[in-house]
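*Asks:* Let the sequences and hints guide you as you build the complete structure.
Residues per chain are reported as follows:
2 protein chains.
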Amino acid sequence: MALIVQKYGGTSVGSLDRIRNVAARLKSTRDQGNQVVAVVSAMSGVTDGLLKMANELSENPSERELDVLVSTGEQQSIALVAMALQDIGVAGVSVTGRQAGITTIGSHTRGRIEDIDPRYMNELLAADKTLVVAGFQGITQQGAIHTLGRGGSDLTAIAIAAAIKADVCQILTDVDGVYTCDPRIVKNARKLPEISYDEMLEMASSGSKVMQSRSVEFAKKYSVIFEVRSSLNNNPGTLVLEEHPAMENVVIRGISIERSQARVTVKGIPDEPGMSGKILGVLGDAEINLDMIISNIASDGYARHSFTMHSNDLGKAQAALKPLLSELGPNAKVETEGGIAKLSAVGIGMRSHSGVAATMFKALGNAGINIGMISTSEIKIAVTVDERFIEDAARAVHDAFALDKAPIWFLHDKSSWEKCFSLDGMKTFHRTRVALP
Amino acid sequence: MALIVQKYGGTSVGSLDRIRNVAARLKSTRDQGNQVVAVVSAMSGVTDGLLKMANELSENPSERELDVLVSTGEQQSIALVAMALQDIGVAGVSVTGRQAGITTIGSHTRGRIEDIDPRYMNELLAADKTLVVAGFQGITQQGAIHTLGRGGSDLTAIAIAAAIKADVCQILTDVDGVYTCDPRIVKNARKLPEISYDEMLEMASSGSKVMQSRSVEFAKKYSVIFEVRSSLNNNPGTLVLEEHPAMENVVIRGISIERSQARVTVKGIPDEPGMSGKILGVLGDAEINLDMIISNIASDGYARHSFTMHSNDLGKAQAALKPLLSELGPNAKVETEGGIAKLSAVGIGMRSHSGVAATMFKALGNAGINIGMISTSEIKIAVTVDERFIEDAARAVHDAFALDKAPIWFLHDKSSWEKCFSLDGMKTFHRTRVALP
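Line by line, the protein sequences are chains A and B.
Under the numbering used here, the first residue of the first sequence carries the number 267, and numbering increases by one thereafter.
Under the numbering used here, the first residue of the second sequence carries the number 267, and numbering increases by one thereafter.
Keep in mind that a hint or two might mislead.
Identical copies carry no separate label here, and so any pair may be met within one copy or between two of them.
List of simulated lysine to any residue pairs, SDA-like, C-alpha gap at most 20 angstroms [what the hints assert, rightly or not]:
#1 Lys533 / Glu603
#2 Lys318 / Asp353
#3 Lys318 / Arg286
#4 Lys457 / Ser496
#5 Lys395 / Ile430
#6 Lys293 / Glu325
#7 Lys318 / Gly280
#8 Lys431 / Arg570
#9 Lys599 / Thr531
Read the hints as simulated data drawn from the structure, not as lab findings.
*Replies:* Printed below as a string of structure tokens:
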């Protein structure tokens with residue numbers, strides 16, 4: 267018997283019929299001998315309806331009151347799902363964020379989970395209840411209601427899985443897993459059976475928005491194995507877990523792209539200490555999120571710094587840098603370039619394989635695509651290209667690393683795999699793997 | 267400066283415009299130098315909408331989950347009212363039942379307030395905030411969400427007024443006070459400036475459904491002076507308070523009627539101990555609410571018992587009594603009569619005035635109305651009449667006691683009156699009173 271946390275988003279509970287489907291799914295997971303804790307979002311549309319009322323009442327509604335208002339959406343869902351469970355003979359019990367013992371810190375509308383006291387949930391589990399927990403909410407030590415901001419229900423599910431020591435946490439969503447690349451762009455993109463936390467984080471920060479980074483970070487911190495899978499079918503999804511040795515056999519796990527990027531280059535900077543700090547300081551004060559940051563000494567003996575950012579921030583960046591130019595000296599100059607996109611190849615196998623960058627650049631060169639900036643991390647190589655060619659670039663790199671073909675690898679830990687694969691729908695996937703001696 | 271609790275029902279917060287009106291009203295009460303705590307219901311329609319979903323999901327939805335679901339309605343209202351306050355520059359703060367420290371006992375969907383810990387509310391008041399508290403809800407010692415059942419928001423308001431030692435509690439509703447009789451029936455019915463708790467309770471139990479009895483009982487127990495007034499205008503309403511000596515100068519405070527009554531008479535009962543207990547026992551087991559209960563020895567030497575009840579219960583009562591008849595002996599027989607109504611005249615002045623029943627019966631006789639059963643308490647005389655004549659009966663008794671004319675009486679406690687009258691809108695009313703030496 268496994269203890270499974272299943273998270274259902276707003277679309278999955280978006281109507282009474284869908285709530286009945288969720289209840290049936292939870293029942294089927296139970297019928298297979300598991301205990302289940304569901305974490306649910308508000309019915310889709312409910313949160314927006316509440317926010318609309320708030321914005322009609324006030325141009326700038328108080329965030330404390332927004333939390334009080336919006337958190338009712340999840341409270342309604344949990345009651346309705348619990349009722350639907352009871353109606354099919356399952357002992358469903360709703361659990362609010364407060365009842366789940368979720369204490370938060372930080373600001374209203376973007377609280378952070380500080381601690382979970384799982385005693386009440388554990389009592390209910392000991393009584394063999396099926397819990398339906400409100401995602402996206404918690405309370406502060408002082409008893410104020412907090413919501414957790416975007417992706418908050420995923421975070422709730424993963425944090426609860428850690429607190430009640432669940433065997434796995436399933437994030438049921440409208441995509442059916444994490445792909446080697448966006449299948450709308452690369453037709454032969456393949457759903458990944460597994461991906462490491464670090465790879466998932468790099469994919470997320472490079473544009474693959476399956477989940478918010480902080481949920482993945484939380485899972486990594488507390489070693490929560492979670493699976494991204496579809497709420498519409500029973501196909502196995504993608505397991506996200508700590509890397510294991512066999513994973514390094516795969517050089518590149520996946521490719522992510524990010525469009526609408528812009529580059530700003532400040533050139534003619536005297537090669538003196540403190541210059542970079544000044545430049546990054548004014549951009550930070552202007553609340554511009556920088557992505558790639560590259561600096562170098564040019565042939566003219568002056569330093570130059572280049573940054574990428576979302577193209578929406580380009581104007582703000584130019585305005586922020588303008589007053590600084592005179593301070594940087596007579597030769598300082600700002601150049602900008604819009605219409606670029608970023609392609610990132612991610613894989614922990616890079617650490618133990620050489621020639622990865624060469625393979626990637628050669629593939630792009632063969633496709634006639636010019637590379638702009640290059641930035642690397644231990645498990646990522648990112649390049650900028652002309653935005654018009656980003657899809658071609660993705661296909662070329664996907665092909666070069668043969669990402670459409672499933673790799674053959676070791677089972678790293680048979681017992682823990684079997685625990686995961688014994689969950690509903692995972693059996694087929696298990697059989698496709700080959701255990702090498 | 268007075269501390270005032272104002273309760274607004276679902277209609278008063280039934281749209282964003284009405285929420286703005288409530289906020290404006292709260293602001294105006296503050297602008298007059300008072301501190302205000304609002305207690306609000308769910309926006310009208312919201313609770314019904316939630317119940318509809320629950321009933322679609324389950325034929326018999328769990329009462330625990332109904333509480334979780336339905337309590338979101340008030341939580342939404344408090345956030346929205348607080349936002350509307352902030353939008354007009356008033357420091358509104360929403361307070362859930364839990365945050366208000368309301369602990370409850372009893373069953374789900376009909377919890378009873380056990381205790382209020384007002385510390386958080388007092389902190390907010392000390393910081394000069396305008397509180398917006400969710401009516402109708404509390405939590406158990408174990409942390410489960412309870413709703414308080416019908417009239418629960420009134421109860422919340424009165425209980426909070428007691429807990430924070432408010433000067434007065436205003437119940438703002440769609441009627442503008444308690445009348446000497448239903449003004450739709452008696453055109454010259456007069457709004458009462460004040461009524462004692464006991465009179466209000468007798469009126470409530472006799473068909474005048476301005477408020478649930480338990481709210482009035484709670485107010486009496488904790489000496490909370492409350493005022494029933496309209497949320498649509500600023501007219502003074504009716505103060506409900508502990509009786510004071512001057513109140514006894516008024517013989518009859520008001521008249522209430524109750525339609526759709528039925529009478530059941532069991533006759534031919536041997537005059538032996540235990541017979542009444544048997545009969546009341548089977549009716550109680552059948553969950554029939556009896557109103558008037560009269561028993562007597564008839565001229566034939568047998569006992570007879572008569573009861574009134576709502577006519578909906580008549581069939582159930584007959585079925586319950588049938589198996590009992592043989593036990594009661596060969597002469598036992600059940601007679602029933604539908605189509606009757608009850609008229610009750612209520613007033614604490616009855617205790618010190620004689621001839622009240624005579625005046626009432628004479629008035630009914632002069633109007634050609636036959637009296638059925640008669641029942642009295644220390645402060646009430648109730649009679650049944652043919653339902654077709656109940657409105658004529660009400661008018662006849664109203665006239666006989668000259669209830670359309672305001673009595674002249676003493677001010678019983680000048681300082682406490684002035685406190686109440688200094689609240690907005692009460693000044694006019696004050697001037698109409700005459701202080702006798």
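*Asks:* Does each hint fit the structure? Answer for all of them.
*Replies:* Each hint, compared with the structure:
Proximity of Lys533 to Glu603 under the C-alpha cut-off of 20 angstroms is restricted to the intra-copy arrangement: shortest distance 14 angstroms within a copy versus 102 angstroms between copies. In this assembly of identical chains, the alpha carbons of Lys318 and Asp353 lie at most 20 angstroms apart only when taken from different copies (15 angstroms versus 33 angstroms within one copy). Proximity of Lys318 to Arg286 under the C-alpha cut-off of 20 angstroms is restricted to the inter-copy arrangement: shortest distance 15 angstroms between copies versus 28 angstroms within a copy. Only within a single protomer do Lys457 and Ser496 lie at most 20 angstroms apart by alpha-carbon distance; the minimum there is 12 angstroms, versus 64 angstroms between protomers.
Only within a single protomer do Lys395 and Ile430 lie at most 20 angstroms apart by alpha-carbon distance; the minimum there is 14 angstroms, versus 39 angstroms between protomers. Taking the shortest alpha-carbon separations for Lys293 and Glu325, only the inter-copy value of 19 angstroms comes in at or below 20 angstroms, while the best intra-copy value is 44 angstroms. In this assembly of identical chains, the alpha carbons of Lys318 and Gly280 lie at most 20 angstroms apart whether taken from the same copy (18 angstroms) or from different copies (16 angstroms). Taking the closest pair of Cα atoms, Lys431 and Arg570 never come within 20 angstroms of each other, the shortest separation being 50 angstroms inside a single copy and 70 angstroms across copies.
Proximity of Lys599 to Thr531 under the C-alpha cut-off of 20 angstroms is restricted to the intra-copy arrangement: shortest distance 8 angstroms within a copy versus 104 angstroms between copies.
When each numbered hint is compared with the structure, a violation occurs for hint 8 only.
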